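Protein chains in written order, with our numbering: chain A, 119 to 371; chain B, 9 to 427.
Errors might be hidden in some of the hints.
Said to hold, decoys possible - The calculated EDC-like cross-link candidates involving lysine to aspartate or glutamate, where the alpha carbons are at most 16 Å apart (straight line), are:
(1) K43(B) with D286(A)
(2) K368(A) with D327(A)
(3) K220(A) with E361(B)
Derived by calculation from the structure, the hints in this document are not laboratory data. Predicted model, so just to flag it, every value in this text is computed and none were measured.
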Amino acid sequence: MITLLTYDHSLDGFFTAVFEVYEYKIEKAEIRKEALEKPALFYGLHRVITDPKKAERVFKKLKMLLGEKGIHQIIYSLLTEDEHCERPILEVIKYAIANPEKKVLSNMTNQSVLKLERYTKQVGREKHRMEAFVRFRLITDQIYFAEIEPDFNVMPIIAKHFAQRYQDQKWLIFDQKRQYGLFYNLQTVETVEMDFSDKTKDLEMLGNDEDLYQNLWRTYFDKTNIKARKNTRLHIQHVPKRYWKYLTEKQPF
Amino acid sequence: MNFERINEKLSILADAAKYDVSCSSSGSNRKNKNKGLGDASGMGICHSYTEDGRCVSLLKILLTNVCIYDCAYCVTRKSNDIKRAAFTVQEVVDLTINFYRRNYIEGLFLSSGIFKDANTTMERLVAVAKKLRLEQNFNGYIHLKSIPGATDELMKEAGLYADRLSVNLELPTVEGLKLLAPDKNRQDMINPMTFVKNEIILYQDEKRRFKKSPKFAPGGQSTQMIIGATPETDLQIIHTANDFYKDFNLKRVYYSGYIPVSQDARLPSLQSQVPMLRENRLYQADWLMRFYGFRADEILDVKKPFLELDVDPKLGWALRNLDFFPLNIQTADFHAILRIPGVGVKSAWKIVEGRKFTKLNLQHLQKMGVAVNRAQHFISFANSFIKTNLLQQHNLKDIILGTVKSKYQTHYSAQLSLF
Ligand code: SF4
């Protein structure tokens with residue numbers, strides 16, 4: 119008999135669900151994001167109400183059992199937004215709780231451990247890509263503005279990189295897929311939710327040199343290429359086509 | 009800013025700088041200070057890739073392509089009939105800052121033709137770095153080319169502002185240099201390298217004692233050699249690289265397949281192909297020495313002075329040393345596991361960790377990222393019934409090559425005939 123626990127997509131929500139699996143001694147548990155369609159076959163339904171206190175206790179316990187690396191892997195796995203990502207995470211948590219003396223994360227022969235490794239690698243790669251592929255353009259109010267459509271929900275984990283790097287300019291990075299963004303106002307970084315779909319055009323009202331710098335960048339990109347070494351396969355492998363939309367150097371002159 | 013003029017200069021000076029293959033922005037540890045612009049810590053980022061598949065990390069340009077020298081392998085050489093241009097210091101600063109603010113680049117890689125003499129040229133390069141650091145509070149990555157013959161004082165200033173310094177050896181041997189760049193000499197290249205190496209050691213020592221002491225070229229030094237312009241063997245190249253890694257603590261040696269730029273009796277013809285496969289094999293050999301514990305003389309020797317083109321150097325070594333195999337995956341030493349074809353550094357670690365939990369099988373290895381169709385021939389498993397071992401077969405090489413397709417296959421058939 120499987121019990122379905124639904125939660126609100128948040129990290130605290132997920133940890134609360136883990137807490138309740140143990141609290142109510144649910145043996146066959148499936149943790150699932152609330153908004154998703156329920157699977158056809160399940161028996162018990164348990165709606166988890168996020169409780170920061172319970173979440174905190176789970177967090178501490180897991181940090182002790184799995185270390186920083188384990189927490190990191192759990193967070194990254196959840197950011198995949200994969201429909202079933204909670205399954206291997208819960209498996210690993212159960213495995214760790216049942217074997218407190220073992221370093222379970224180094225068991226590279228366990229399917230769930232490997233799955234978390236893979237998720238972490240995928241999200242890590244996407245984070246790295248976004249740190250590379252964000253292209254700012256200078257818009258009104260001296261804001262450097264970029265749009266992205268990452269495969270995974272990496273905004274929470276790229277914030278730090280941009281906050282450290284760009285401290286003396288206002289910037290806004292907006293995830294068009296998930297419709298939220300990060301805005302740095304020269305003091306702090308905050309999450310913003312707004313509808314950019316038609317406002318972007320007004321934002322572009324710029325009387326500055328933006329277009330010219332974009333052209334210079336395209337010139338550079340073109341000239342630094344060595345034609346005698348052309349290797350399109352490698353190029354596309356590194357810069358898959360789905361990212362071209364927002365890459366300045368990939369737009370025609 | 010006159011954009012049209014800048015655009016023209018950028019076209020010329022990026023085009024002239026593109027032959028320097030290094031674009032790395034790694035190895036430094038510069039933090040963003042006082043709410044300034046940028047940082048340069050950690051791995052470095054490739055912001056894009058050119059259509060030839062190379063990383064674009066830095067704005068890589070020459071300050072000027074006016075040069076008093078006439079090195080045969082170089083497009084910038086004095087006798088070449090090309091358009092010349094020169095940036096002002098301020099123009100380079102503006103370009104760097106504006107590209108950096110838009111997240112196009114990690115920083116600047118500035119090199120130059122030698123337009124008057126070594127010191128005047130070096131002075132100008134240093135002026136750019138100084139301006140970026142002191143006037144713009146720029147903490148992004150700066151790689152400066154050390155101009156052979158520049159004074160120690162200038163090199164010292166360069167190291168205070170730059171993350172990385174490099175002198176290109178240009179050709180793997182002194183004889184090659186004599187032939188193609190008779191006005192240059194190896195010693196002028198070695199002097200600044202030696203100076204920088206010693207300063208780095210000095211500053212690191214100081215840093216250990218006084219937390220606040222300044223940085224000196226925290227990203228270290230690198231160099232580049234042109235491959236295939238002169239008739240050196242791979243053995244000579246690998247040994248030169250090995251010596252320079254040892255003697256100068258170099259972070260990287262880059263190998264740059266010669267791209268024909270001139271009709272000159274001393275050089276391969278304009279029609280010859282870029283030796284990309286050979287270049288790739290040299291990088292593989294370089295990796296084996298730096299990360300896999302291979303010695304130069306294990307990879308090549310006098311009787312066999314060229315790397316094989318049909319197999320990578322690691323597989324080549326394995327095929328020549330079959331009695332080292334099969335290795336028992338359950339018990340073999342980490343360093344031995346590193347020598348199995350198809351096993352990388354990461355998967356070697358996973359094997360060593362994973363086998364503590366269970367007896368490993370082929371599926372496990374596959375999940376860990378091992379290229380099993382290659383590795384399986386060199387491995388034995390704890391009490392396994394599967395007999396995967398084909399070591400005794402004469403045609404092991406063909407069996408392995410039959411299962412893996414080289415990405416260079418097309419180059420390979422065309423280039424093989426050259427050797
Ligand atoms: S000195 Fe440098 S830029 Fe000048 S010709 Fe020789 S290699 Fe080229």
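Evaluation of the provided hints:
1. Annotation: proposed proximity of K43(B) to D286(A) holds, straight-line Cα distance about 6 Å (limit 16 Å).
2. For the suggested pair K368(A) and D327(A), the alpha carbons sit about 19 Å apart, so the restraint of at most 16 Å is broken.
3. The suggested pairing of K220(A) with E361(B) holds, with an alpha-carbon distance near 12 Å, which does not exceed 16 Å.
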